[in-house]
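Chemist: Each chain, written out:
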Amino acid sequence: NAGVTQTPKFRILKIGQSMTLQCAQDMNHNYMYWYRQDPGMGLKLIYYSVGAGITDKGEVPNGYNVSRSTTEDFPLRLELAAPSQTSVYFCASSPRRGESGYTFGSGTRLTVV
Amino acid sequence: AQSVSQHNHHVILSEAASLELGCNYSYGGTVNLFWYVQYPGQHLQLLLKYFSGDPLVKGIKGFEAEFIKSKFSFNLRKPSVQWSDTAEYFCALLGSYDKVIFGPGTSLSVIP
Chain A
11 NAGVTQTPKF RILKIGQSMT LQCAQDMNHN YMYWYRQDPG MGLKLIYYSV GAGITDKGEV
71 PNGYNVSRST TEDFPLRLEL AAPSQTSVYF CASSPRRGES GYTFGSGTRL TVV
Chain B
3 AQSVSQHNHH VILSEAASLE LGCNYSYGGT VNLFWYVQYP GQHLQLLLKY FSGDPLVKGI
63 KGFEAEFIKS KFSFNLRKPS VQWSDTAEYF CALLGSYDKV IFGPGTSLSV IP
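These protein sequences, in sequence, are chains A and B.
Take the first sequence: its position 62, counted from the start at 1, is 72 in the numbering used here, and no numbers get skipped.
Take the second sequence: its position 33, counted from the start at 1, is 35 in the numbering used here, and no numbers get skipped.
No lab work stands behind these hints: they were computed from the structure.
Some clues are possibly wrong.
Mimicking EDC-like on lysine to aspartate or glutamate, the simulated pairs with C-alpha atoms at most 20 Å apart in a straight line are [unchecked claim]: (1) B:60 to B:22; (2) B:71 to B:90; (3) B:73 to B:87; (4) A:54 to A:69; (5) B:51 to B:87; (6) A:67 to B:100; (7) A:19 to A:83; (8) B:60 to B:87; (9) B:101 to A:69; (10) B:71 to B:22; (11) A:54 to B:66; (12) B:101 to A:89; (13) B:101 to A:83; (14) B:101 to A:48; (15) A:19 to A:89; (16) A:67 to A:48; (17) B:60 to B:90; (18) A:54 to A:66; (19) A:54 to B:100; (20) B:51 to B:17; (21) A:19 to A:36.
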């Protein structure tokens, strides 16, 4: 069972560069989420989606964009990377509401220099 | 306002010691609460969850948590910790619009 797959695992970007963090799940979950994790800050929600074609902003959406063209995929786009976006990014999914708990991907560690 | 707070930033215990990690929440709706664990270098995994019913919830690896509504608390406990329990522990709340709100985390170090 693959679960939630994130790529890449590590990435170093220069300021102003763009990149897409990939997230795919094979559990047919409708709900998908992107979080960033910073030391001592817990996880902050960036964007989420309740189904294909539907996305919405979370707590910290500035500097990011998402799309959800299929149930399986939920890529996160950074358009103009800034040092403040240095973080660990986690994608998660759940079958319906979050009450069933999330399945997390293994994370992407991004450094912007 | 919806929020989750965790009392301790870093806890250090010897093996076989008992563990209690504090968690308090603020939320006006129906309460669904979780504890997640993140082992070093890994992703978060669900330890246990509370929806309703028995306020004492048992999870994996010998962990349990007690929901005390009057105290807005959901503390995590384990009678005897092992070195392999070294990890970061996150309390979380299912808030409005089906979004999970995470606490800042407690780092647990268990000394052999």
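Chemist: State the violated hints by number, sorted upward, taking the hints as numbered earlier in the document.
Modeler: The structure breaks hints 2, 3, 11, 12 and 20; every other hint is satisfied.
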